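Going line by line, the protein sequences match chains A and B. Mapped onto my numbering, the consecutive letters of the first sequence carry residue numbers 1 to 413. Mapped onto my numbering, the consecutive letters of the second sequence carry residue numbers 414 to 826.
Simulated from the structure, these hints should not be mistaken for laboratory data. Fair warning: this is a prediction, and the values are worked out from it, not measured in the lab. Treat the hints with care, since some could be wrong.
[Stated by the list, open to error] 25 Å max Cα-Cα, derived DSS-like pairs, lysine-lysine:
#1 A:271 - A:341
#2 B:684 - A:310
#3 A:310 - B:754
[Unchecked claim] Reference listing, derived: stretches of chain A covered by chain B, where coverage requires no fewer than 3 residues with Cβ under 8 Å from a Cβ of chain B:
#4 12 to 21
#5 71 to 82
#6 205 to 213
#7 287 to 297
Glycine included, every Cβ here is placed at the ideal spot set by N, Cα and C.
2 protein chains.
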Amino acid sequence: MNAEIIAVGTELLMGQITNTNAQYLSRRLADLGIRVLYHSVVGDNPQRLSDSLALALSRTDVVIMTGGLGPTRDDLTKETVAAAFGLPLILNEEVHGQIAAFFRKINRDMVESNAKQAYLPAGSTIIPNRNGTAPGCIIRKDGKIVALFPGPPKEMIPMFEDTLFPWFEQMTNQVLASRMLRVFGIGESMMEDKILDLIEAQSNPTIAPYVGDGDVVVRVTASARTRPEAEALLDPCVLAIGERLGDFIYTTDGTPMEEVVGHLLMMRNLKISVAESCTGGLIAAKLVNVSGISAVFERSYVVYADSAKKGELGVSATTLERYGAVSPETALEMAEGLQKKTGCDVAVAVTGIAGPEGGTPGKPVGLVYVAVKMQSGVVCREFRMNGNRERIRTVTALHALDMVRRTLLALPD
Amino acid sequence: MNAEIIAVGTELLMGQITNTNAQYLSRRLADLGIRVLYHSVVGDNPQRLSDSLALALSRTDVVIMTGGLGPTRDDLTKETVAAAFGLPLILNEEVHGQIAAFFRKINRDMVESNAKQAYLPAGSTIIPNRNGTAPGCIIRKDGKIVALFPGPPKEMIPMFEDTLFPWFEQMTNQVLASRMLRVFGIGESMMEDKILDLIEAQSNPTIAPYVGDGDVVVRVTASARTRPEAEALLDPCVLAIGERLGDFIYTTDGTPMEEVVGHLLMMRNLKISVAESCTGGLIAAKLVNVSGISAVFERSYVVYADSAKKGELGVSATTLERYGAVSPETALEMAEGLQKKTGCDVAVAVTGIAGPEGGTPGKPVGLVYVAVKMQSGVVCREFRMNGNRERIRTVTALHALDMVRRTLLALPD
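When you get a sec, could you build the whole thing from the sequences and use the hints?
This is the structure we're talking about:
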């Protein structure tokens, strides 16, 4: 089967948002063995939308559309698709009730325009939306499959995973199993060099590397008639990649770094605390994303100013003067002070220059020190990163958590 | 003028990379007053590439293509475009010399396939490439303009800025000006109800609402011969929207909430500190994104456990027992304790249930209390949000910052 992904929205054509939905759907359709031949983006214009749909239906079997299901008059995707197939839009009482309940839950009045979202093409399969008011739907007609989703990825992704993905599995009578290896501490091109021959040699499972959020993801996908068969195909492939990439792989099931670290801490009942300067709370915010983390995470500190590093953590004025706030000496004293103050088992301290200002030739933007102190000893590492402020802070947070992981697992730094 | 952006590359259709080029080009073409009607992505397939180009030429005036200019046999963009216009590919000696020089510079041998990159469609304008071997080109024929760029953004972006942007500026006399209003505290559909008649009445400027990251964005865009004329068209329209949405609008130039609040604090020299429970450092992380914030932001606390709320901020055990950690009483004591401890002018405290666990019928997931304490007094608000953990925390952070904004500007809660 071939597919086209159509994203609807003038904000995409104005460059106000990136079309990440097309990337996500492409990846998952590839997992299903559905070949994506085209992406298109079209604005909130009925004629062009209608033309684009007709074109997509003429050249592919499956058309996935995202966006244009909102309550506003701009949102025309459903109306356009219904017209293309000659299907009336019918009020779905159940969906109407769900939308009303959604508004009660968030303490807002449901306005008339929201009722529009409860109308769906006759005979379509509803795709429920847990995270918003616009349901999606699947229309199957004239040998074609069209699926509609709202634009926000937070709504679209769970809807795709809960409903459309299993729907396709059932339809194609195949089962897909995949592993998501996440790799950190090695560049994407160097990683690809190490596994290129594996990527090229494989067809089932397939191996697809892509850029993650500061890390690299390698997706391994096998298809078979049954789940055990698909799983059995995966193992040797994952092991072969593991041989090449070793402990740069921090998970084989897609678990984010903070969860990997959080579970290590919880299993060993080790309390963690963080003192953050340039990351400004980002590491703590990642940790509290881990369900159950409260057992090992009670508190942490953002010590942005020198006065806070001194006052909260007892970093000495001499150290700050002599070596500067961005130095291994300061990072180490921060970690020590943090451990003394909180009695935590794992003290993490971060200080660095996230930019764009504040860099000097000796201490450029991207210079970061991370110290991790445990009973067994202390490690301090220097990093020199590039990219903008946001990227430097994201990667710093990953490095800090990875250092905790490596320390806990007794891996080399 | 209307435009289509075609990205060429199977890796895009496999979901291995995001099509950020389309977003970048869209934004810059909008600045030039060129209206982008379509984005397309097509693989390295000669027939589909040729069909896509023909379609684009049939429906727009300007076609910008990215990708497929590499040295390999897969790279067919130039050949396809030349064939479509009936233009021969001619060896450009100057470009050939530049490619050879580039290889000397990076200490690599120039292989035969690289010579292919020195062939360009007859009569085209060359777009030099400072950061790679593939030059781009501009072809003007039969009333159409086609520009070709290599795929890597670090090559494409400087080539666009150095050559194509000024080329278009000279050619067109249109200037586009826009304002980005950001709106918080009112739902997208309710907001649109309030300004629907304005949206419908306008053609220049245009008014386009879309969903932001926890907020709503309204983009107002005017086109004219000169920048002052375009700006003059914007003002009455922005004021009319302002009359309807009032202080729900927190900026008219796209500034993120944390910057709006950060600048208010800096202007008044008011020190802020934050005590975060469910947001776990997210508000602090937003604040340190603001350039210059160190003047008013020294430190903040993540007090995730009750013990931390007691130990760090002096929240009383009685309050925690009687009302619970998620209560207005606890939020208020957190803010008081924070102000006492740090001597800050603005103390922000957040406590809530971000889920997915921890909710009860009386205190469901999404229940959040935010307290803001200043010399002038203290405000505590209750919020009931929905969505997943991440969304609840994102919106909570926006609410907390918005409460600071409203307090500082003496706006109603």
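Hint by hint, here is what the structure shows:
no.	hint	verdict
1	A:271 - A:341	holds (13 Å)
2	B:684 - A:310	holds (18 Å)
3	A:310 - B:754	holds (15 Å)
4	12 to 21	holds (count 9)
5	71 to 82	holds (count 4)
6	205 to 213	holds (count 4)
7	287 to 297	holds (count 7)
In summary, this structure violates none of the numbered hints.
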